[in-house]
Amino acid sequence: MTAVTIVEGRAYPLGRQNIDTDIIIPARHLKTVSREGLGRFAFETIRAEAGNVLEDPTYAGAPILIAGDNFGCGSSREHAVWAMMDFGIKAVIAPGFSDIFASNAFKNGIMTITLPQEAVNRLVEVARDHPITIDLETMTVTSPLQDRLDFAMDPFRRACLLAGQDEIALTLASESAIAAYEMRSDQLRCKSPRFGL
Amino acid sequence: MSNRPRTLYEKIWDEHVVVQREDGTCLLYIDRHLVHEVTSPQAFEGLRIAGRKVRRPDLTLATPDHNLPTTRRAGTDGKRLPIAEPQSAAQLAALERNVVAFGVPYIDALAAAQGIVHVVGPEQGFTLPGTTLVCGDSHTAAHGALGALAFGIGTSEVEHVLATQTLWLRPSKTLEIRVDGVLGFGVAPKDLILHIIGRIGTAGGIGHVIEYRGSTFAEMSIEGRLTVANMSIEGGARSGLFAPDEKTFDYLRGRPMAPTGEDWEAAVARWRELTTDEGAEFDRSVQFDASEVAPSVTWGTSPEDVVPVTGAIPDPDSFADPAKRAAARKALDYMGLAPGTALQDVPVSHVFIGSCTNSRIEDLRAAAAVLRARKVHDGIRQALVVPGSGLVKRQAEAEGLDRIFIEAGFEWREPGCSMCLAMNPDKVPAGERCASTSNRNFVGRQGPGARTHLLSPAMAAAAAVRGRLTDVRELVE
Chain A
30 MTAVTIVEGR
40 AYPLGRQNID
50 TDIIIPARHL
60 KTVSREGLGR
70 FAFETIRAEA
80 GNVLEDPTYA
90 GAPILIAGDN
100 FGCGSSREHA
110 VWAMMDFGIK
120 AVIAPGFSDI
130 FASNAFKNGI
140 MTITLPQEAV
150 NRLVEVARDH
160 PITIDLETMT
170 VTSPLQDRLD
180 FAMDPFRRAC
190 LLAGQDEIAL
200 TLASESAIAA
210 YEMRSDQLRC
220 KSPRFGL
Chain D
16 MSNRPRTLYE
26 KIWDEHVVVQ
36 REDGTCLLYI
46 DRHLVHEVTS
56 PQAFEGLRIA
66 GRKVRRPDLT
76 LATPDHNLPT
86 TRRAGTDGKR
96 LPIAEPQSAA
106 QLAALERNVV
116 AFGVPYIDAL
126 AAAQGIVHVV
136 GPEQGFTLPG
146 TTLVCGDSHT
156 AAHGALGALA
166 FGIGTSEVEH
176 VLATQTLWLR
186 PSKTLEIRVD
196 GVLGFGVAPK
206 DLILHIIGRI
216 GTAGGIGHVI
226 EYRGSTFAEM
236 SIEGRLTVAN
246 MSIEGGARSG
256 LFAPDEKTFD
266 YLRGRPMAPT
276 GEDWEAAVAR
286 WRELTTDEGA
296 EFDRSVQFDA
306 SEVAPSVTWG
316 TSPEDVVPVT
326 GAIPDPDSFA
336 DPAKRAAARK
346 ALDYMGLAPG
356 TALQDVPVSH
366 VFIGSCTNSR
376 IEDLRAAAAV
386 LRARKVHDGI
396 RQALVVPGSG
406 LVKRQAEAEG
416 LDRIFIEAGF
426 EWREPGCSMC
436 LAMNPDKVPA
446 GERCASTSNR
456 NFVGRQGPGA
466 RTHLLSPAMA
476 AAAAVRGRLT
486 DVRELVE
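Heads up: the sequence lines are chains A and D, in that order. Start counting the first sequence at 30; every next residue gets the next number (this note's numbering). Start counting the second sequence at 16; every next residue gets the next number (this note's numbering).
Bear in mind the hints are in silico, worked out from the structure with no lab data behind them. Since the structure is predicted, the reported quantities are computational estimates derived from the model, not experimental observations. Take these hints with a grain of salt, some might be off.
Unchecked claim - So these bits of chain A aren't anywhere near chain D, every CB distance computed over 12 Å:
(1) 33
(2) 85
(3) 148
(4) 222
Claimed, not checked - Once the Cα atoms are required to be at most 30 Å apart in a straight line, the calculated DSSO-like pairs of lysine-lysine come out as:
(5) A:119 / D:442
(6) D:26 / D:262
(7) D:442 / D:345
(8) D:26 / D:188
(9) A:119 / D:188
(10) D:339 / A:119
(11) D:339 / D:262
(12) D:262 / D:188
(13) D:442 / D:94
What the hints assert, rightly or not - Stretches of chain D that chain A covers, calculated by requiring three or more beta carbons in the stretch to come under 8 Å of a beta carbon on chain A:
(14) 35–41
(15) 110–122
(16) 143–153
(17) 172–186
(18) 402–411
(19) 433–440
For glycine and all other residues, C-beta sits at the position ideal for the given N, C-alpha and C.
Between the sequences and the hints, there should be enough to build the whole structure, so can you do that?
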């Protein structure tokens with residue numbers, strides 16, 4: 030994943046809560062063996078609604094999405110993140126994220142920024158006319174209207190995002206610890222199932 | 016390690032920590048990995064590009080489920096019939112190539128053991144108490160019914176587990192859901208979990224692992240526990256746990272991949288220690304009385320939109336939260352329902368009995384008990400039964416349940432995920448309404464424009480008989 034420190038630009042003021050991953054990308058578009066080209070399906074039911082912000086030219090190409098609570102609930106499909114990335118989104122701000130979505134986003138270098146509902150409401154207002162800046166170094170969201178909102182992020186995830194860390198490479202550096210763990214636990218827990226398929 | 020009392024979750028977690036970082040993130044060992052055709056192709060491709068192998072194919076098990084058509088699979092020559100939809104065929108072909116290339120044990124589409132991953136794992140004894148189990152599917156939470164710390168992961172994590180047999184994770188908070196008492200007549204585990212989600216909300220369990228405790232769960236069958244644990248994710252929790260007990264051991268004894276002989280005895284002795292210690296503290300705790308739970312149905316487009324079947328469609332204005340009011344209006348518009356309508360006056364055109372939530376033998380028995388000597392209503396356009404695995408199907412046929420379904424007017428299909436998420440040809444047409452035993456009533460979940468009402472297998476059967484949402488207690492004695 031590529032290192033990321035700052036995401037700035039316009040933000041889609043969607044605001045809606047409980048955006049599930051079936052809404053982000055329906056199952057019929059998951060029949061792919063690639064991660065590419067899913068942006069055209071991103072949020073397709075919302076984009077079909079009259080007056081929706083995702084098709085509003087004001088925000089075209091915006092790198093930030095502002096949503097309501099419980100964003101990304103439901104299915105674990107990482108295709109949701111791939112579709113959003115291909116649509117141009119690099120960060121999502123919401124009062125809360127589903128655990129699996131937040132993890133999937135992180136693995137792809139997409140920032141998930143959790144802020145209180147009132148702060149999100151404020152940003153939805155600001156975003157209608159102004160760009161927003163997310164700075165992972167200072168852990169702030171700022172606007173040209175002098176808004177300055179502090180956010181918290183899991184230190185491990187923050188460090189990985191800032192460094193563009195390849196997680197598998199990081200883990201393979203712990204190879205000896207994994208091997209030692211297997212030595213002491215395989216017998217104990219009857220690890221290998223008896224396959225007779 | 017101190018002797019501080021620990022929850023079941025903490026015990027399983029502690030035993031699987033390989034590396035603990037100063038920032039609190041841990042490298043957790045993964046004992047079991049289930050793989051299916053939809054969320055794995057990009058993961059295998061990632062391994063291929065990086066020149067990596069599957070570290071522990073012996074702890075990995077693959078089977079196709081999401082895309083498979085549920086119509087007849089084998090031709091007269093016994094070979095697999097081609098899948099008509101080219102993209103689905105390509106996904107299955109990719110899985111078949113990948114399991115060979117990476118040496119992963121595979122239950123193929125024609126095997127009797129094939130089925131939905133979350134039915135197959137427990138059924139084969141691949142899922143064991145005290146293990147960590149993952150799969151690229153959010154309903155992996157189901158395996159917690161057997162005391163496994165089981166959770167859904169994305170494709171990047173699938174690749175990470177394939178390559179390293181571990182995941183970087185932070186410990187979750189713990190949520191105790193305690194239910195005591197006896198479920199009423201006609202009330203199923205599905206009704207109970209819908210009731211719970213209706214109360215805690217779909218975000219209620221975010222950041223938490225649930226432990227289901229209390230006499231109601233102690234009395235519940237393993238199939239019932241699988242239904243409850245399965246829907247933990249609908250309450251926002253990545254995992255839901257049940258402490259293993261005699262019912263668990265009885266269920267697992269003799270399963271093909273379960274330990275045998277002395278290994279079995281040793282395993283059971285260890286599994287008996289997998290309980291939350293006296294005095295251990297949960298971060299949160301909620302309690303319910305089983306006698307409060309009625310046969311339940313969803314009315315909206317979120318699994319938290321739950322009412323008793325004897326109730327009515329709520330008025331959006333009755334919700335205090337403005338966001339919830341707006342969501343309810345949108346949901347009713349999509350569902351084509353008016354506030355105040357009695358649930359039992361809502362007609363349905365489709366009935367689906369299946370999915371990783373409710374496709375096991377007990378589910379089919381419960382539905383068949385309602386359908387015996389009855390017919391599907393004239394207003395029903397399609398009624399499907401999709402067993403969770405080939406072995407469930409075989410068992411049901413041995414009990415004559417298939418005859419009951421077929422004589423009533425249901426289609427008796429081959430196993431798979433089917434109409435739960437409409438990736439295969441089983442779809443609910445736009446604007447049509449389905450009584451479904453699956454787990455999600457999201458917009459478009461069962462097909463573009465499809466309207467879903469979640470309910471138990473017996474309630475689905477009752478809806479099929481009356482052609483509308485029905486209180487099953489009126490049809491059984």
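Original post:
What are the numbers of the hints the structure violates, in ascending order?
Top reply: Of the numbered hints, 4, 5, 11, 18 do not hold.
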